[in-house]
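Enquirer: Residue strings, one per chain:
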Amino acid sequence: MSFAAEEITEELPPPGRSALGQLLRDPMGMTGAILVITFIILAIFAPLLAPYDPIHIDVRHKFQPPNLAHWAGTDQLGRDMLSRLIWGARVALGISMTATGIAGVLGLLLGLVAGFGPRWLDAVLVLFFDSFSSLPMIMFALAVITVLGPGIPTLILVIVLVSVPGYGRLIRAQTLALKGADYIQAERTIGASSARIILRHLLPNVVGPLVILLSMDIPVVIMLEAGLSYLNLGVGPPTPSWGNILYDGYTSLRSAPYMVIAAGIPLVLCTLGFTFLGEGLRDALDPKLKLRAAR
Amino acid sequence: MLGYAIKRIALALLILVVVMLGMFAMVFVIPGDPASIALGPRATPELKALLIQRMGLDQPLLSQIWHFFRAAATGDLGIDVWSKRPVLDVILEVFPQTLLLGVVSLGWAVVLGIALGCLAVIWRDTFIDRLLGVLSVSMISVPSFVIALYSLLIFAVWLGWLPAIGAGQKGDWASQARALILPSFAIGVTWIGYIARLVRASMLEVMGANHIRTARAFGLPETVVVLKYALRIAIVPTIAIVAIGAGSILSSAVFVETVFSRPGIGTLITGAVEKRNYPVVMGTVLFMTAFYLVVVTAADLLIARLDPRVRDVLRG
Amino acid sequence: MSALLEVDDLSVAYRAEGGDVAALRGVSLTAQAGEVIGIVGESGCGKSTLAAALIALLDANADVTAGEVRLNGRDILSLHEDARRKLRGRDIAMIFQDPMTAFSPVLTMGDQIIDFQQHTGLSRAARRERARQMLLKVGIADADLCLRRYPHELSGGMRQRAAVAAALMANPALLVADEPTTALDVTMEAQIIHLLRSLRTEINGAIVIVTHHLGVIGELCDRVYVMYAGQVVEEAPVDDLYHAPRHPYTRALIACDPGAIATRQGVLPTIPGRPPDLAAPPPGCSFAPRCPQADATCRSTAPPRVRVSDRQAALCHKVVP
Chain A
23 MSFAAEEITE
33 ELPPPGRSAL
43 GQLLRDPMGM
53 TGAILVITFI
63 ILAIFAPLLA
73 PYDPIHIDVR
83 HKFQPPNLAH
93 WAGTDQLGRD
103 MLSRLIWGAR
113 VALGISMTAT
123 GIAGVLGLLL
133 GLVAGFGPRW
143 LDAVLVLFFD
153 SFSSLPMIMF
163 ALAVITVLGP
173 GIPTLILVIV
183 LVSVPGYGRL
193 IRAQTLALKG
203 ADYIQAERTI
213 GASSARIILR
223 HLLPNVVGPL
233 VILLSMDIPV
243 VIMLEAGLSY
253 LNLGVGPPTP
263 SWGNILYDGY
273 TSLRSAPYMV
283 IAAGIPLVLC
293 TLGFTFLGEG
303 LRDALDPKLK
313 LRAAR
Chain B
615 MLGYAIKRIA
625 LALLILVVVM
635 LGMFAMVFVI
645 PGDPASIALG
655 PRATPELKAL
665 LIQRMGLDQP
675 LLSQIWHFFR
685 AAATGDLGID
695 VWSKRPVLDV
705 ILEVFPQTLL
715 LGVVSLGWAV
725 VLGIALGCLA
735 VIWRDTFIDR
745 LLGVLSVSMI
755 SVPSFVIALY
765 SLLIFAVWLG
775 WLPAIGAGQK
785 GDWASQARAL
795 ILPSFAIGVT
805 WIGYIARLVR
815 ASMLEVMGAN
825 HIRTARAFGL
835 PETVVVLKYA
845 LRIAIVPTIA
855 IVAIGAGSIL
865 SSAVFVETVF
875 SRPGIGTLIT
885 GAVEKRNYPV
895 VMGTVLFMTA
905 FYLVVVTAAD
915 LLIARLDPRV
925 RDVLRG
Chain C
1022 MSALLEVDDL
1032 SVAYRAEGGD
1042 VAALRGVSLT
1052 AQAGEVIGIV
1062 GESGCGKSTL
1072 AAALIALLDA
1082 NADVTAGEVR
1092 LNGRDILSLH
1102 EDARRKLRGR
1112 DIAMIFQDPM
1122 TAFSPVLTMG
1132 DQIIDFQQHT
1142 GLSRAARRER
1152 ARQMLLKVGI
1162 ADADLCLRRY
1172 PHELSGGMRQ
1182 RAAVAAALMA
1192 NPALLVADEP
1202 TTALDVTMEA
1212 QIIHLLRSLR
1222 TEINGAIVIV
1232 THHLGVIGEL
1242 CDRVYVMYAG
1252 QVVEEAPVDD
1262 LYHAPRHPYT
1272 RALIACDPGA
1282 IATRQGVLPT
1292 IPGRPPDLAA
1302 PPPGCSFAPR
1312 CPQADATCRS
1322 TAPPRVRVSD
1332 RQAALCHKVV
1342 P
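Residue numbers (my numbering), protein chains in the order written: chain A, 23 to 317; chain B, 615 to 930; chain C, 1022 to 1342.
Just so you know, these hints were derived from the structure itself, not from any lab. One or more hints might be untrue.
SDA-like cross-link-like pairs, simulated, lysine to any residue; straight-line CA separation at most 20 Å [claimed, not checked]:
hint, chain 1, residue 1, chain 2, residue 2
1, B, K621, A, D144
2, B, K784, B, L714
3, B, K842, C, R1145
4, B, K889, A, L170
5, B, K842, C, R1149
6, C, K1107, B, V838
If you anchor each label on the Cβ, the simulated ranges turn out as follows [unchecked claim]:
hint, chain 1, residue 1, chain 2, residue 2, range
7, A, L198, B, W696, 48 to 54 Å
8, C, Y1171, B, E836, 20 to 26 Å
9, B, R744, A, I79, 46 to 52 Å
10, B, L916, A, I212, 30 to 36 Å
11, A, Q98, B, S789, 30 to 36 Å
In this text, a Cβ means the ideal position worked out from N, Cα and C, and glycines have one as well.
Please construct the entire structure, taking both the sequences and the accompanying hints into account.
Expert: The structure is reproduced here in structure tokens:
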């Protein structure tokens, strides 16, 4: 029964088109891709797609349940919920993608420094990575917000600080594994520079896992942004964020339950979309990562 | 094993020291003095001077750090600026509520997660398995406070079956239990998904083992093979790894406690952040970090004891 | 007359990325009640897949592409999984290769051997007593202690004796032993072979022994099937096979048996080359690339099955009746 295993030599799927094809053939990955693209379109074209000004106050028409003029109703100040939710996509995606992007680049740099730099620097960075990832994320976020005060820049800083260690560790591990590989040793003996090794061999190898990790972190970051905004510790009014809209809905839960219902839907669909896409990407790009989902 | 334990505990202590230094740095690196930030627009020179003195901010930096460490080591986390009670007392008063909430959430997440994971293994590669897979991923990716809000709306506001706020009357077990149902559901859902996936993955690994083939070759029913022969082995790493998730349970608890207005670490710290109540925020962060490190270190040691393969992975 | 076990032109393929792998290609064999047959071949020749097919426990990624396995005239591979499960442990029993991993490490031997008799419908106490009796019969003196122990607390030989006992308790029509002695050291191997030989009369059905070890075949079997690259290349009674092997592969196998040659030469003879890739089997004879006698016909045309006597046949162009 081990027969089949003996005969099949292990092969990695060639990257690029076939990985994309595999992603599109997987219904879950496909659903995720559609959802994510929809939200990206909503975020980019929010000014064109939103039927009303999201911060225009019209108290005469406050607390209107969903109707033909306001598909998702209006809030306690008479603002159009649908418009606020569409602009909320821009806030959610803008913050999460900016922050994970910065964190990805920083993680890449720190990971390379740890992997290629002197030993003492590696030890310091590893301790830094370990300490940061040992903090309960929410406690750390709240501590930073206390000191700096809530707001979008603080939020981005918090997200960057909590995400960098994970990426740094990944890149460092990959770097160390690669440094030990025979063909890299061979390159070194014929005088290849570190820069050449990084550009030619390391980057192509680490981009895949890094992209997977980034895409799987985006829903977590969106949840964190919404959660902190819900607590009034993230994006403050009048800027629309799914989190602070949910909070507005919570304060009028009995009189206007449609607010919480409407604000929850895009948040859930968006996190689902990114998670499905991340799962699909992981399966398509790197079957070996499957077991890592545990952590 | 002993060497590994000592190394692991030393690392946890070192991390705690780094965290404390980091928090100190944060307070002093930022522009402006923390006292005026804490007091905000209400700041009068007298109040400020009083606060600075109470927080020990008039001392030289090094002596502040020294005092802070020495006090923290003896369990003294400072004085709550507003209520003037020791921070540790304030924390210990609400901590059991959060601990209870976390344990109950995880408890039924473990039960349901294992059940779903086993179902997926029994019906592996069928429609049910794929459905459970999508369901697990969905449960992982839905924010707990959205589940909290929706369940609050449905079960407390519309149906009126369960209390909407609070932790139940003191001394009344039934009301406390009823107040736990919705919050623990909201926190647990994510973990059902996680555990179901974990159990499925480690079960499938175990299912490839020779002794499973023996059990099948003797015609044992598949349910007996899965529940008696595979689960016993698959569950050990699963349960141990769940302990590492204590940090994420805590995150959910912060949000969910706020939604249900339950007393706990979450409501304590969010209230303190809003009021810029430094000693309480820092004390709580430190306390919870220490608690988290204890749980994670204990879990690591447990895993290492139970399964040498997992120990190698953790080291690497 | 229909035999107890008939494997008729059985083909099994494993689904794999980059094409299916043909593990069995038209295998036929028969076994009568009371007969012991051996299946011998190198690793990767498909004998383990054949063993799995005989107990109707093929892997999920294996497809039966042609043929049948009939036990008492009934095709066991086309049965519903539930019906196949009911056959296992009652009509069919198996002794596995590695006694170290064949038992669950977290349950006691007694717990497992009692579970394995679940089809009897007896009470647990009665099953335990049966187990005790059978353990005594296979030569475990302190049967009660053995039942209370976990597998790792027993020696390899003890575990394999317990495995034999568990299989015998099913009183099966077909007993399949997959490399029953391979994981044991030489003394243990001799003891287990001795045990199996002495128990032959206890078993009313047929015994199939799958091994790469010709010595085991010689000690235990009445007839032998030699497998190569998913096909039966020669079948013969044991004595005929040893004294008048007809297929070049069989001859090479006998020449390489360390038991037969170690005393005569300093160097172990080997068969040059390696078995063909079963994802794309060669058009002619599978053994042709390694065969000293192969010619152009061998490489291009599939060989015929040549009957040399009523009980011996070989799959080879070069064999003449």
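Enquirer: Each hint needs a verdict: does it hold in this structure or not?
Expert: Results of checking the hints against the structure:
1. With a CA separation close to 18 Å, the supplied pair B:K621 and A:D144 stays within the 20 Å bound.
2. A C-alpha spacing of about 14 Å is found between B:K784 and B:L714, which places the hinted pair at or below 20 Å, so the restraint holds.
3. A C-alpha spacing of about 16 Å is found between B:K842 and C:R1145, which places the hinted pair at or below 20 Å, so the restraint holds.
4. With a C-alpha separation of about 13 Å, the suggested pairing of B:K889 with A:L170 holds against the 20 Å cut-off.
5. As the CA atoms of B:K842 and C:R1149 are separated by approximately 18 Å, the hinted pair is consistent with the 20 Å bound.
6. In summary, the hint linking C:K1107 to B:V838 is supported, as the alpha carbons are separated by about 14 Å, within the 20 Å threshold.
7. Taken as a hint, the range 48 to 54 Å holds for the pair A:L198 and B:W696, whose Cβ atoms sit roughly 49 Å apart.
8. The hinted range of 20 to 26 Å is satisfied by C:Y1171 and B:E836, whose Cβ atoms lie roughly 24 Å apart.
9. Here the CB-CB span from B:R744 to A:I79 is close to 48 Å, well matched to the stated 46 to 52 Å.
10. In this structure the supplied range 30 to 36 Å is violated for B:L916 paired with A:I212, their Cβ-Cβ distance being about 49 Å.
11. Evaluation of the 30 to 36 Å hint for A:Q98 and B:S789 yields a pass: the beta carbon distance comes to about 32 Å.
Hint compliance for this structure: hint 10 is the single one not met.
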